[in-house]
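Once you've looked at the hints, dock chain B against the given chain A.
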Amino acid sequence: MKAALKRSRWTRMKRHRGLLSMIVPVMLFYSLFYYTPMTGLVIAFKNYVMSDGVYTSEWVGLGNFERLFSSEDFPRAIRNTLVISILRLSCGFFAPVALALMLNEVRISGYKRSIQTLTYLPHFFSWVILGGIFLMIFGGGGPVNSGIKLLGGNPVSFLSDDVWFIVVLITTGIWQSAGWGAIIYLAALSGINPDLYEAAVIDGANRWKQTLHITLPSLIPTMITLFILSLGQFLTAGFDQVYNLYNDLVFDVADIIDTYVLRRMMGLDLSLAAAAGMFQGVVGLILVVTSNFVAKKLSGGEQGVW
Amino acid sequence: MNQSRGEKIFGILNMAALGLVALLCLYPFLYTLTISLSTASEASREGLHLFPREISFASYRMVLSNPNILTGYGNTILRTVLGTTLSLLGVCIAAYPLSRREMPRRSMITFMIVFTMLFNGGLVPTYLLIRNLGLINNIFSLIFPSMLAAFNIIIVKNFFQSLPESLVESARIDGAGDWRILFTIFIPLSKPALATVALWTSVFHWNSWFDAMLYITDDRKQVLQTFLQRIVIESNTQLMEVGIHDTSVVDFTSETVKAATIIITILPIICVYPFLQKYFVKGIMLGGVKE
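Protein chains in written order, with the working numbering: chain A, 384 to 689; chain B, 33 to 323.
Isolated chain B, as found in the complex:
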């Protein structure tokens, strides 16, 4: 392609500007990583902290010996695995009938589901419901409310509708019922859409903290993000210091401990992100905003 001189210069400036934007997106995480790995004196030094000059793992040792963090990790993994599995299963079961033309009252039921995206009871009535159902301090209080999210149902429904109708017809001739069609034909063929929904749901569960702050009062059942919230945002030093058994190891500050807690919390997302990011993005195109 022929480019004028001006267009070439614009192209280079544009790429440089984008490079700067990308660096700005990365820097806060880099800073946190550096601080988490720094010695106490190094962390309190002024500067940009692009890399650690004196490395210390004291903060990590402390965070990892904090029983609350470990409990939180376990509970978060449990809620993420259980929540994502149940969500996927439920969303498929909800999406299938809505994707079928012969479904009686289809548009009315779709409206009933989509309307919840525009209006809901809000914080207080939902809290009262969870309490009345006896789900306080129960892991299902963190799973049920978002299990059949309308947005995910619509995405999977749209994907199901894009599958060829002839598949259903031939399966019907073979005597297959709806449940069998869903599990043996639709779900295996919808892996790309389901992968996206699964990833979104697991990131949602991994990151959720507010529901656990409201519904979980027992620290043995608390999730990681809520502990993180108390340590990092509320600077709860009592909680921070649970891990100190050996008082001779003091090469950390509250900043380095906070940073290490953050890094340990985001590590799983950072690890899978480069490999799975294309699936995260795919779903946006799959769903479309319009029905």
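The shape of chain A in the complex, shown without the other chains:
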């Protein structure tokens, strides 16, 4: 019996040797580059010293996490990350929806296409480039301050004032991502059955009513999916952007978890950095899984990413 089972598994393997010869290297690759780092997270529970190596370093249990949360700057980094993420979501989540709705109303297709092309242009540049550009634009001698002076106002230190810095961070973030984000909503809009609009016209609904009762509801599934996915990034708060725009003067509001991890790593406190990174990753995972679960429950299994 056992031998027969073994033989059948062997023949099955042999029959699929083509597929297996493809997937096995892929799985080895994934084990090495994705799952080995996950096991590498054990150093979050150790006092890792480079010269000792991962396995011989001494265990400290939750010591690193206690150190993190009793420190001054990690709780501050969590607070900053939360503030930035919440502002990003509340100010920026509907920007692509609005842009898509506006584009959807344009009847001249050439105009629509050119606007679209320009609005998702910023998506294709790194935050090194965009950061460099915005440091010039919002800087002391930049065009924004020139404009303010021209209108008789006093120059604003956008990049070194705590509140203004956050404003710049959020608006440039929306600026960079809204156009690209609108594409997915436009795709959803083009999938709406035109019969619905015809029926609404017969019922006497004007364009505004049509938008409210047909267009918006049909975007909700896409919005829920994107919302769930964005929760996974909730504790990330856009490292590339922050790192390339911040400076010492706004450190109190701009030091986020990612910049904290990098700083600890550069300071060779690898265990503490790994613990902070792990905290961030685990919370992100929990947020996505929970919100997906809730979305599924509330919609009777229709909504959700998986």
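Warning: the hint list may mix true and false statements.
Calculated lysine-lysine pairs in the BS3-like style (CA-CA distance at most 25 Å, straight line) [what the hints assert, rightly or not]:
| no. | chain 1 | residue 1 | chain 2 | residue 2 |
| --- | --- | --- | --- | --- |
| 1 | B | Lys-253 | A | Lys-495 |
| 2 | A | Lys-495 | B | Lys-314 |
| 3 | B | Lys-314 | B | Lys-253 |
| 4 | B | Lys-310 | B | Lys-253 |
| 5 | B | Lys-310 | A | Lys-495 |
| 6 | A | Lys-592 | B | Lys-40 |
Derived by calculation from the structure, the hints in this document are not laboratory data.
Positioned in the frame of chain A, the structure of chain B alone reads:
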């Protein structure tokens, strides 16, 4: 279509508002271009700088004579070409078995791959892995970690699944194995999806700087974006001035040099963007977020 007066006015206001949004998207790049082409005195003048009033190429001459920028350019091109090629090849090889119904343990392996989108080891363990593999200062430290990105595998897998099954059946009757089916049938038929993945991957490689900042410590192997980061963000004047041999050419400021460096870095993307942007966009529809 009959439109009421109100709807017509709304239509015009809407188009005007969108025009303004588009201008706001374009302006920062226009400003950078103008500054990069301006003389030192013109660049320090206050104003919106919509176009250069006094043109000077001094900043470009300086940037282009900076050996670090040229080295960076070469390394970035190398990483982009090599990285995109290997990525495409690897993603196809990973996507094919996952797209086949007869693949044993298919859903388990798919989960193993998709899970990495939700959770990963993070910065420190990944850095230690690269170091332990001896990949510091090796171009493959910039290529391997993202080579088989789960998102791309899923997109290509979904596209493969949309191809008609009869193609595989007839190829099997002709005695073709999986490798031949992949390379002679699936890949040629998947050009639109693969073009999108290739473009995303090459833009990713062109724009990446953080990995190179961590893994590359030797300036001869450094990529363009990391040099750009040091010049533009950290205002590393020492690095900026490497190109000055002739002290009589001084018609630039640190701003114009930064702007010129930015323009030179984004030039390749700007050049291909109008022609290829439709492929960039296509992929979003191809993938779908759901499986």
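Hints that the structure is at odds with (numbers, increasing):
Per hint list: 1, 3, 4 violated.
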